[in-house]
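With the numbering used here as the guide, the letters of the sequence shown map in order to residues 1 to 550.
Quick caveat, the hints were computed from the structure, so don't treat them as lab data.
Fair warning: there could be bad hints in the mix.
Claimed, not checked - Below 20 Å or equal to it, Euclidean Cα-Cα: the simulated SDA-like pairs (lysine to any residue) are:
| hint | residue 1 | residue 2 |
| --- | --- | --- |
| 1 | K489 | S223 |
| 2 | K200 | D172 |
| 3 | K489 | M221 |
| 4 | K246 | P224 |
| 5 | K228 | E485 |
As the list claims (entries may be wrong) - Here are the computed distance ranges between Cβ atoms for each label pair:
| hint | residue 1 | residue 2 | range |
| --- | --- | --- | --- |
| 6 | G439 | A97 | 56 to 62 Å |
| 7 | N399 | G439 | 20 to 26 Å |
| 8 | L245 | L331 | 33 to 39 Å |
| 9 | R417 | L220 | 35 to 41 Å |
| 10 | K406 | L245 | 46 to 52 Å |
| 11 | N255 | M304 | 23 to 29 Å |
| 12 | N255 | P419 | 28 to 34 Å |
C-beta atoms are modelled at their ideal positions from N, C-alpha and C, and glycine is treated no differently.
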Amino acid sequence: MAASKPVEPQSGSGLPRWQLALLVGTPIVLGVGAVYLWNRSRGKEKQGKRNGERKTPEGSASPVQGQHGATNPELENMSPLDRAQSAKNKGNKYFKAGKYEQAIQCYTEAISLCPKEQKGDLSTFYQNRAAAYEQQLKWTEVIQDCSQAVELNPCYVKALFRRAKALEKLGDKKECLEDVTAVCILEVFQNQQSMLLADKVLKQLGKEKAKEKYKNREPLMPSPQFIKSYFSSFTDDIISHSGYLKAKQYMEEENYDKIISECTKEIESGGRYTAEALLLRATFYLLIGNATAAQPDLDRVINMDDASVKLRANALIKRGSMYMQQQQPQLSTQDFNMAAEIDPRNADVYHHRGQLKILLDQVEEAVGDFDECIKLRPDSALAQAQKCFALYRQAYTGNNPAQVQKAMDGFEDVIRRFPKCAEGYALYAQALTDQQQFGKADEMYDKCIELEPDNATTYVHKGLLQLQWKQDLEMGLELISKAIEIDNKCDFAYETMGTIEVQRFVMLHCFPVFLFLISLTNTSLLHWYGLFRVLFPNVVEMAQVHCVGS
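Construct the entire structure; sequences and hints are all you get.
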């Protein structure tokens with residue numbers, strides 16, 4: 001999908017980006033202005049409690065036997081802890097009825113009645129009151145009560161996760177990430193909800209770190225390789241097929257820096273190719289990340305009665321992609337649908353709308369769009385490869401091994417029929433990584449590099465594969481550095497560097513949790529030593545001492 005600046009993939013190997021250093025990763029589309037955001041799930045059997053939101057308070061919603069309707073004399077004969085439990089249970093009933101203020105009063109009573117030495121019960125009461133505050137969107141109170149609960153019970157997952165969510169709401173991303181990383185470790189990375197929050201926050205922090213480090217960079221034209229890859233995602237080349245000779249010359253010479261000024265001259269003179277110039281100038285504004293300047297040009301083309309249908313459809317595709325990058329999926333969908341209405345025989349519309357559907361997790365509709373594109377352009381290698389990826393994802397999330405294998409066979413067929421399509425190898429590599437066929441995935445990335453040696457994103461993906469496959473941080477960072485050497489404008493490489501840096505910082509702070517878990521389990525977490533060998537080679541021996549001594 002064409003993007004406001006064709007977006008680099010957001011992660012590398014096979015699971016969410018935040019786990020890059022944890023030797024797991026998420027399939028992403030390489031280059032061509034497209035991003036596949038796939039939150040991995042192995043199907044409905046992994047949902048339920050592990051994926052359900054932690055909204056409800058703990059404990060029975062009904063008072064324990066013998067306490068319902070207890071008279072004052074009966075209450076007086078109860079122990080302080082039983083009276084506290086009675087207040088908590090009454091609070092749970094209010095909570096489930098949506099009467100959060102009354103629930104808070106009951107939980108407050110339970111906290112005041114509970115003996116201080118009953119730390120487990122007391123932590124539950126604080127956590128339950130935090131749950132009620134959460135429903136009232138009182139994030140500061142949520143954090144305060146969750147902190148009390150965690151102080152009483154340091155491994156209280158519900159309280160840690162609820163505090164993480166509240167910290168995110170208040171914009172404290174680093175503290176949020178520390179909490180949610182601890183939660184993921186405590187849950188041994190089995191709860192998709194906490195993993196998704198960690199992925200989201202780490203992605204934001206990685207981008208912030210990249211922006212901070214390179215905030216003084218002027219908007220620059222991407223590398224020629226990136227621009228060529230972007231334009232290759234459109235089968236209808238509006239410039240090559242037009243009579244706009246000056247622009248065509250600059251494009252053929254890869255003299256991209258002169259495009260915007262040339263287009264401006266044509267527009268200001270009211271020349272014959274004003275519509276083409278507006279669309280091409282908007283495209284290059286998008287390529288340098290200036291969506292604000294691009295949108296008026298796109299709007300003009302879309303509303304020009306004398307512009308060809310092909311030009312208007314192309315402008316709608318690019319504006320729709322821009323809206324999607326700006327997280328406005330409804331506007332994006334409207335533009336793609338309008339493009340399909342005015343130019344139903346345009347293969348590019350279905351190709352790029354298919355990628356939008358993938359982003360919106362509408363896989364069946366995406367496959368339908370790719371099929372339509374292939375019907376119109378059977379030689380579209382990109383659409384063939386991306387259809388395979390969509391089918392693979394559908395089979396994988398549906399936990400259908402037979403269909404997964406069929407999709408993998410489909411990739412083999414694509415690279416056989418289109419041996420010069422780097423995208424086919426890249427997408428196949430990501431599916432292979434997901435299936436933990438790391439060696440073959442590495443071969444596919446090598447094939448990509450052979451076909452497109454100047455494509456920096458491939459080096460980043462290959463570097464991330466080294467982290468997941470061999471826990472080789474040195475090699476991973478070397479490949480990412482190579483990507484920057486090839487293309488010093490590659491945002492994906494800078495953001496990945498920033499993400500790894502943030503992850504190292506957060507995991508260092510979570511190291512005490514790791515040690516505590518080892519002391520409890522002795523051996524069940526020994527496989528996480530690979531993580532710390534990658535991140536903190538100087539502290540692995542300390543972890544081993546704790547493990548052996550426990």
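Here is what the structure says about each hint:
1. K489 <-> S223: holds (7 Å)
2. K200 <-> D172: holds (13 Å)
3. K489 <-> M221: With Cα atoms ~8 Å apart, K489 and M221 stay inside 20 Å; holds.
4. K246 <-> P224: Status holds; Cα separation ~18 Å.
5. K228 <-> E485: Cα-Cα ~19 Å, so holds.
6. G439 <-> A97: 56 to 62 Å: Roughly 57 Å apart at Cβ, these two residues keep to the hinted range, so it holds.
7. N399 <-> G439: 20 to 26 Å: Given range 20 to 26 Å: holds, Cβ gap about 25 Å.
8. L245 <-> L331: 33 to 39 Å: holds (35 Å)
9. R417 <-> L220: 35 to 41 Å: Roughly 37 Å apart at Cβ, these two residues keep to the hinted range, so it holds.
10. K406 <-> L245: 46 to 52 Å: Once the Cβ atoms are compared, 48 Å apart, the range 46 to 52 Å for L245 and K406 holds.
11. N255 <-> M304: 23 to 29 Å: Since N255 and M304 have Cβ atoms about 27 Å apart, the given range 23 to 29 Å holds.
12. N255 <-> P419: 28 to 34 Å: holds (31 Å)
The structure meets every hint from the earlier list without exception.
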